[in-house]
Amino acid sequence: MMNTDELFHWIAVVLMVSSMSISFSYRRKAAQTGEKIDAKEEGSLILNLRRIFGLLLWLSALAYLINPQWMAWSSLSLPNWIRWVGAGILLICVPLVYWVFSSLGRNVTPTVVTRQEHTLVTHGPYRWVRHPLYTVGFLMFFGLSLLAANWFIALTLMLGFIPISLRTPIEEARLVERFGDEYRSYMQRTGRYLPKLSAFEIRSN
Amino acid sequence: MTDNLFFHLVFVAVFLLTENWFIGGFFLGALTLIVATRLKREEQVTLEKFGDEYRTYMQQTGRFLPTA
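Protein chains in written order, with the numbering used here: chain A, 4 to 208; chain B, 5 to 72.
Just so you know, these hints were derived from the structure itself, not from any lab.
Mixed in with the good hints there might be a few duds.
[As the list claims (entries may be wrong)] Sample of chain A residues facing chain B (criterion: CB under 10 Å; computed from the structure):
{"#": "1", "residue": "I85"}
{"#": "2", "residue": "P98"}
{"#": "3", "residue": "A157"}
{"#": "4", "residue": "I165"}
{"#": "5", "residue": "R195"}
[To be verified] So these bits of chain B aren't anywhere near chain A, every CB distance computed over 10 Å:
{"#": "6", "residue": "L35"}
{"#": "7", "residue": "V39"}
{"#": "8", "residue": "T50"}
{"#": "9", "residue": "G55"}
Every residue gets a Cβ at the ideal spot worked out from N, C-alpha and C, and that includes glycine.
Just chain A, same shape as in the assembly (with noise of 0.2 Å):
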């Protein structure tokens, strides 16, 4: 009989597995076209933060994966029903991982730059939100750092998440001089990261 840990590991192995080889087989399709994504376009601070924090994530959540034993330094002890919670967040990552890929097709960069043939996608879950890739990305490293009861991977994903919301403005603008009117009024229909709640207001621009 397995324990409890070994359970949340394996439960983090398949869901992780399966949401990376979605993205990565998505990822290397759009990288078939061949075109070459200039990423000196970004400003090199925010360039610079996002790789170091990007990094120090993906390293720590692979080290879980691989033998939670490596992350052990830095686990927490967390009620069952966190990780449980975790689990969950997770689980709804894989199919939602698939339907943002799907949607945005070979559009997808590492970067804001926008591609030559680039065409603006306004189906699927970005009909409501503008940046939903990130938000799974977001979710889907909460989940674990849940699941794993790991604080390290936690405040990467939290610092990591400082020069998105810095590069998202920078990207908008990228793409409001691409579209044009098109863009901005799309922007006024959509939220950034969550749906716009036109009741509530829950989101700025």
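Start from chain A and add chain B according to the hints.
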């Protein structure tokens, strides 16, 4: 303690995704209130235990920074 940590994490997560400064402000306010009430209780308990010794110590020192 870890239950509290969970709620802090959820709050920060909601703030990051909504970018709503009311939520952020509310969270900071709540956190300040929690820390302030805790500090007060901590000093009360210490006073009960050490009495005048702690009272004079409190007069000589600042709470977070040295007194001028």
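Tested hints:
1. For I85 of chain A, the interface hint holds, the least distance from its beta-carbon to any beta-carbon of chain B being 5 Å, beneath 10 Å.
2. For P98 of chain A, the suggested interface contact is broken, since its CB lies about 19 Å from the closest CB of chain B, more than 10 Å.
3. The interface hint given for A157 of chain A is met, as the beta carbon of that residue sits about 6 Å from the closest beta carbon of chain B, less than 10 Å.
4. Restraint check, I165 of chain A versus chain B: the minimum CB separation of about 8 Å is within 10 Å; hint holds.
5. The beta carbon of R195 of chain A comes within 7 Å of a beta carbon in chain B, closer than 10 Å, and the hint placing it at the interface holds.
6. Every beta carbon of chain A lies more than 10 Å from that of L35 of chain B, the smallest distance being close to 14 Å; the non-interface claim holds.
7. V39 of chain B, annotated as away from the interface, keeps every beta carbon of chain A farther than 10 Å; the closest lies near 19 Å.
8. At roughly 28 Å, the least C-beta separation between T50 of chain B and chain A is larger than 10 Å, which holds for a residue marked as non-interface.
9. Under the 10 Å C-beta cut-off, the non-interface status given to G55 of chain B relative to chain A holds; the minimum distance is some 36 Å.
Of the numbered hints listed earlier, the single one contradicted by the structure is hint 2.
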